[in-house]
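Trainee: The chain contents come next:
Number of protein chains: 2
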Amino acid sequence: MTTVSVEHALAGKLPVGGEVTVRGWVRTRRDSKAGLSFVNVSDGSCFAPIQVVAPASLSNYESEVKRLTAGCAVVCTGTLAQSQGQGQAFEIQAESIEVVGWVDDPETYPIQPKAHSLEFLREVAHLRPRTNLFGAVTRIRDCLAKAVHRYFHEQSYFWISTPIITTSDAEGAGQMFRVSTLDLANLPLGEDGAVDFGQDFFGKETFLTVSGQLNVEAYCLALSRVYTFGPTFRAEHSNTSRHLAEFWMVEPEIAFADLAEDARVAEEFLKYLFRAVLHERGDDMAFIAQRVQPDAIARLEAFVNAPFERISYTEAVALLQRSGQKFEFPVEWGLDLQTEHERWLTEVHVGRPVVVTDYPEHIKAFYMRLNDDGRTVAAMDVLAPGIGEIIGGSQREERLDVLDKRMAQFGLDPAHYQWYRDFRRYGTVPHAGFGLGFERLVVYTCGLANIRDAIPYPRAPGHAEF
Amino acid sequence: MTTVSVEHALAGKLPVGGEVTVRGWVRTRRDSKAGLSFVNVSDGSCFAPIQVVAPASLSNYESEVKRLTAGCAVVCTGTLAQSQGQGQAFEIQAESIEVVGWVDDPETYPIQPKAHSLEFLREVAHLRPRTNLFGAVTRIRDCLAKAVHRYFHEQSYFWISTPIITTSDAEGAGQMFRVSTLDLANLPLGEDGAVDFGQDFFGKETFLTVSGQLNVEAYCLALSRVYTFGPTFRAEHSNTSRHLAEFWMVEPEIAFADLAEDARVAEEFLKYLFRAVLHERGDDMAFIAQRVQPDAIARLEAFVNAPFERISYTEAVALLQRSGQKFEFPVEWGLDLQTEHERWLTEVHVGRPVVVTDYPEHIKAFYMRLNDDGRTVAAMDVLAPGIGEIIGGSQREERLDVLDKRMAQFGLDPAHYQWYRDFRRYGTVPHAGFGLGFERLVVYTCGLANIRDAIPYPRAPGHAEF
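In order, the protein sequence lines correspond to chains A and B. For the first sequence, counting from 1, position 34 maps to 34 in the UniProt record's numbering; every step adds exactly one. For the second sequence, counting from 1, position 266 maps to 266 in the UniProt record's numbering; every step adds exactly one.
Note: identical chains are not told apart, hence a pair may lie in one copy or across any two.
DMTMM-like mimics (lysine to aspartate or glutamate), calculated; alpha carbons at most 20 Å apart, straight line:
{"hint": "1", "residue 1": "K364", "residue 2": "D258"}
{"hint": "2", "residue 1": "K204", "residue 2": "D183"}
{"hint": "3", "residue 1": "K66", "residue 2": "E107"}
{"hint": "4", "residue 1": "K13", "residue 2": "E154"}
{"hint": "5", "residue 1": "K146", "residue 2": "E267"}
{"hint": "6", "residue 1": "K405", "residue 2": "D104"}
{"hint": "7", "residue 1": "K114", "residue 2": "D104"}
{"hint": "8", "residue 1": "K364", "residue 2": "D401"}
{"hint": "9", "residue 1": "K146", "residue 2": "E280"}
{"hint": "10", "residue 1": "K271", "residue 2": "E309"}
{"hint": "11", "residue 1": "K364", "residue 2": "D336"}
{"hint": "12", "residue 1": "K204", "residue 2": "E236"}
{"hint": "13", "residue 1": "K271", "residue 2": "E389"}
{"hint": "14", "residue 1": "K364", "residue 2": "D404"}
In case anyone wonders, no lab produced these hints; they're calculated from the structure. Quantities reported herein were computed from a predicted structural model and do not represent experimental measurements.
The following block holds chain A by itself, in its conformation from the complex:
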């Protein structure tokens, strides 16, 4: 007896006629008039379940097999056989089906073998991985995450886990979550009547990080190629389908790189990720294309085959102004591009991914490198059809005197950034990097409409995990 995963049993590498055992959960059961039952069993190892053919001769056929419902846990042993049925190459002719876990009250079991609304499934987040969709999303998400690490490994980048609890606000913007162990019913106050954070856990005011970039820059200026892949947080009450309070970010940082190199890496990286999904998760992507987003596969294929276009922000504004298109938000040099503008550029005007570069300095972060024109910074956004911005990056300001001016302009206290200024004093080099919101990537790959469906547990008031 060989215990194998369903993926292994279906892969065509085991001898037909051999005995195998699979373990998993019942998806469906169908009883044939011929006196046998077809039990589809999934163990999550791949998209497809395996069909287990249960003859009436099984000792527990009437007492148990015919009572199996969706969600029951079973251990099935039998002979691997070529399947006569449609849609599967192999099946198991069962010699035994052991029921390991029943479903209490099958009538009220939330995951019935039918389509559920995504809203409903968010309320049973702990059970939704048992659905076809969330099994697929989970495997695709895993595939993307593994590909992130593999790409950087192949390109000699080192993974750095930057601090989650921090006192610095990397963006100089963004609302942050406070982290504290102070007793709210009994807050220590200083002589000025303000809360005395000297008595908090770290002896000062601390928050959840919004980005690991500033921290990882220090490692870049020692190890040349580094990246973060970890959670980041924004306490913004933008209750939209595009924002999360907690999300994972990928942030590579590259020494001796300018903006053009940054864009080259971003393009190579994204294509690498999508190629991995196309090669490794064809089963799940076929389901996504069938049920969620008809062009899901086609658009990833187009993405990996198309060279990205590069245009400057200034050109982009001119193109938008000349487009004859009516936009909700104004288009004017100096204003940020809105999603509608980004999507027109990438979807209508170019028809492939676009890297927009060199934005006005006052709409971008203080750490972005000032261009020689004095009006723009070496920033880039990668825009893609179907989603808009997917990556944001920049060359960093490596000149201490310019950085200090920019910080003053943004009202930042240099004393607070002394450590960040330090590695501009000590062997500074041109360097660049970008940020990729990992859930945005999952949303795009899986054709999801709501970013809450791209995370293992949707995080919102009243939801299951809280």
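Based on the hints, put chain B in the right spot on chain A.
Mentor: Relative to chain A, chain B alone:
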């Protein structure tokens, strides 16, 4: 001209006599009486720097090359040559050395080419990756992290990112950090005078997670093999060299697994990780063995070559009692094992890693499976020479009625764990998992004495990153 990493230049795969460019930071400069200088340049891609031989004929030899100090950033172009010097196979005969970044005030630059105390380096955490030691630790840490993902990928586990912000306390113990956006100067109070968390960001009281295990169990009962690898938090003021407030945990969860299978996976997994380090980071481990921990390599080799011993907690207590060894803490059935006991077992008694199993139920967490004796649970700790406990795991209580009794015994409110109870009602199966503190693993691999040296930025009041 080919720009290559130092690792690539030293690997022996480039043609000797060809022109190459390397970019990095000066470690040392030595001027020879023969009128040339030897500049050691590191880019962090491997442990070794490359020796760049600078002849006096360089146009900036007197003006710049002879002023180079540790930390200066340079771009060096020249001919790759077999080295006459000791300790390196290749060097670069420079045709040009461009200084990209000087060091302001070299006298006060914190990272001098000499040994620094670890205490001092924690105060300049943003610069310490430029030292030999922290370059090595960073690369080893990266190697371990990549091996974690690779092992699970090869074994068909899917990565799950469980919630960081949570309302549940997975362990029923452990002090937690509060996460909040409430204005501390103006806290909203309910009618009972208590803080009204209904007005907080998530509409309830939230904390930083102490473990992803309970969440990942739900995915295990759908996808069979899953794991977390993410940050966890403990707000314990144990200001020791062994504890961190923020640390990364690896938590696999395996369906249809009992405690023996759990221990088998833990053993295979740890050996896989150490083999990866021995194979991939020999350069850094050689430095560790030379400067930090003389037996660093030998003990990893012994680890991967030795079968782990298995003994029950009950046997372990008997062995300790019969040992004749004097311990600080008492040894008695029912009391938890202390580090001194664990180290005696693994270092003195067995001389190899030991899996201790089946602990008294009252000293372990509520979710661990009660054994048939009613007194012990199917828990395990993996103990290793030189560190003590490195992995803790258990088979989980999959029987709802027993779980409910255990929760009552621990004073936990079943209503709060309704979702956790749910997947014991719906197709429950035996399952098991374990937790590996990632920084503990780094500490052990790198022979470090203080766990703050195993993280990219030491986290403590007053430190650089805050």
